[in-house]
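Chains as they are written, first to last, in this note's numbering: chain L, 1 to 511; chain F, 1001 to 1414.
The hints are simulated quantities; they were obtained by calculation from the structure and are not laboratory data. Be a bit skeptical, because a hint or two may be false.
Across the chosen pairs, the derived CB separations fall in these ranges [stated by the list, open to error]: (1) Trp1249/F to Arg388/L: 23 to 31 Å; (2) His113/L to Ala1052/F: 43 to 51 Å; (3) Ser1146/F to Glu316/L: 52 to 60 Å; (4) Arg374/L to Ser1146/F: 30 to 38 Å.
By construction, the Cβ of each residue, glycine as well, lies at the ideal position given by its N, Cα and C atoms.
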Amino acid sequence: MGDHVVDDLVLEMRGIRKEFPGVVANDAVSFDVRRGEVHALLGENGAGKSTLMNILYGLYRPDAGEIRLNGQPVSFTSARDAIRAGIGMVHQHFMLIPVMTVAENVVLGVEPHNGPLLDESGAEQRVSDLSERFGLAADPTALVSDITVGQQQRVEILKALYRGADLLILDEPTAVLTPQEAGELFEIVRSLRADGKSIIFISHKLNEVLEIADRITVLRRGKTIDTVPREGATEASLARAMVGRDVLLRVEKETAQPGDVLLTVQDLQVRDDREIEKVRGVSFEVRAGEIVGIAGVDGNGQTELIDALTGLQRIESGTVSIAGRELSHPDARTALDAGIGHIPEDRQRRGLVLEYSIAENIALHDYAKPPTARFGWLFPSRMVDRARTLIREFDIRGGGPFTRAGGLSGGNQQKLVAAREIARDPKVLIAAQPTRGLDVGAIEYLHRRLVTERDEGRAILLVSLELDEILSLSDRILVMFEGEIVGEHTGEVSEEAIGLEMLGGRERTAA
Amino acid sequence: MSDPAPPPSPKQPDEPGTLAARWDLKQRAGGIAVPIATVVLAFFMGGVVVAATQHSVHKALLAYKAIFEGAGLNWIFHPTTSLLDISAYNLSQTLLQTSTLILTGLAVGFAFRCGMFNIGGQGQYFMGLIVANWIGVSLVGLNSLSHILLALVLATLAGAVWAGIAGVLKATVGAHEVISTIMLNWIAFWFGSWVFGDGGPLQNSRDPVLPISDPVSKGARLPDFWGDQGFQGVHVGVFIALAALVVFWALLNRTTLGYEVKAVGFNPAAAAYGGINVRKNLIRAMAISGAFAGLAGAIDMLGGTTNYQYGQLDIPFSQVGFLGIAVALLGRTTALGTLLGALLFGGLLFGTTHGLNSGAVIQPELASNLTYIIEGLVVLFVGADVLVLWVWNTPRRLLRRRAKPATSTAELPA
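Please work from the sequences and hints to get the whole structure.
Given below as structure tokens:
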């Protein structure tokens, strides 16, 4: 350890500045981490959290500022330097090799060997030692492709620990987890802290930051707004610091006034591309003026259900009807024309053509219809006119009709998708993960908008992995587990009850 | 990216997946600089090859001067319409070569915009050429305009069908278009070899030993608009190629067809979500792509760069379909870029063969290979445009490094 250990600070970052062409991503940012603390880094998307962490991890070089690790000034030129210095990072998207075992993934790059051969049992032994020490249950011999997302995350943490990390960066670790898995992660984080590890916890979720962090640093537009201890911080105060204004955290809505049935799903069965049965006889209705939420752990058939409703996946058996009219063999076009609007769960992969402009993206469903086109001839100026109107109405910021959709922030991309879907005046609006990865301001906007559209008399089907979102928006909740609807709730219901059903608890008690 | 004022993301969060999407990204990253740098680098390295093999930098410079004059570009110093003037004649031949390359370049470009790499321009060109010869040789006595139009249309269709096969294979069974178009090239190659060869259906009627076609009948030939009797004149195929550029641009930018094609090229998942039939567009884009190459074959046959005949032995030497790849990539699959790329390669192709074939500067073998060396380098650099960008950014990077003295990495406890 160095000579200049100041207090108990493991890490000090002072006056960090990083500029990208046209943007100051970090502007005189200061941030420090004490030994054995969980320090949350909170901020909206684009506030500069990732840039700061990439600088710390050696992926970017700062334009100005100083980084001290254990009191020593450091300058990393690559992630390898950072790893050698005892920094570990668990990225949002895991970097594991699915066909290899847990142990092989953990030791990858620094394998223990027997002469030229990999010491397989040695690797497994070390991995199980590590997982025991930190309470990170993981079977070293399991293939990564066979374990759950939560377990994969533990493998990532093990990887970092195996490389000797004392300072762990967790980048939005709960984004991919169920509430239960998130609870388990928090236990792991606490045991790491108890062992003297320091943890930087990146998040934009206020409740979990308040649950796990010892101190919280808020970034906004590349600047440090404040560093506060958890004691005394509230969701409201953090949200204000993040966004710069007071934010409505609870969705305000009147009691639903359900009208006619607009969406009827009867005994629907769907197989995925690998011919695995993913939706097994699902039936439900959504009425005009109500929001029906589908809760469930990722991968329980929600995606295939939506794809079948929107004509993107073939229906094995069963029927889908819009306002009483059955869609026979729906493809995307007939579903669109029948009055289904669809905010897809992956706006970048499916919801938008990122290389297309805002105007072109707004035309994605109706590019071939008048006034945008006539007899196959396109009128770009009409596309642009329509885009201008919607940009104003939906408050899409960050560019005009000619701006590439890929250049917009996540929140504005989602507003763009929502604008396109709502402006088509659909009878049924299907919103899948409508606020995934968005910041507080954009979430607030989209939630209010969904309620407004409900009150306009649309039938809204909300599918989300965020239980909070389902609970606060839905007038009725359906719980999906292994391709079936295993629960239905109206009115007040506890998070725990639904959480249990999401994991198939009801089946278990019945059995 | 903060909500009110979103800055462009410094690191693309999700690298777009398809060929066309990646291409778009790189295009924005490099702008016009990369194609220019690509050409300069390719010429430079071609020059190095000449200088090294001839042990003379001077000869390399002379070679490029000879290419410049061989392409007829010195015509601008003393313009004349008389083809008896050597520079005017050279220029006219460059224009003919350019026309073909525009069309084969558009062929590659159109498929590219739909996310596909059509390597089969050469085969589609052969099919167009064969059909144009067949129509041009038969149906003698037909009214000239109808004869020309019929030959052009059927040759274009032949190219479309030939490429369409690859499109259908991709859309139905997922066969990769690169593989299937290469295979189709060979089929077209041997088919051509057979039809013009001994006993082949299109072998000439006068000399059964010559593996060559009959000349296209007079009525089916494209009229010259610039030229003297006895010389190879410049025919209206040049205008057909220019018109094709306009059609290409309009199709992609002003029609719903182009909207669909580009959407599928950028992001097939989003296109399908938007209600676009992805399979239909793959087939259609491939067919349109092949149509351009088929048309190229037709104007070469009916316009007579080979004196309205074609032979078994000409086939192995034809490269225009492959050159179309370099043209399209260099021109970044835009209409204007393709025009410029075709001019460059048209000039090079004619310039090297006719400016250097006397052997006065360098050996004729090296001269004709110089075009292909430069072509190869262009394709390599376009494919490796990361490399070109790196070279392009080197001065800036060096400046930055000098401005900021390297800070030593502190020794750290492990």
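Flag every earlier hint the structure violates by its number, smallest first. none
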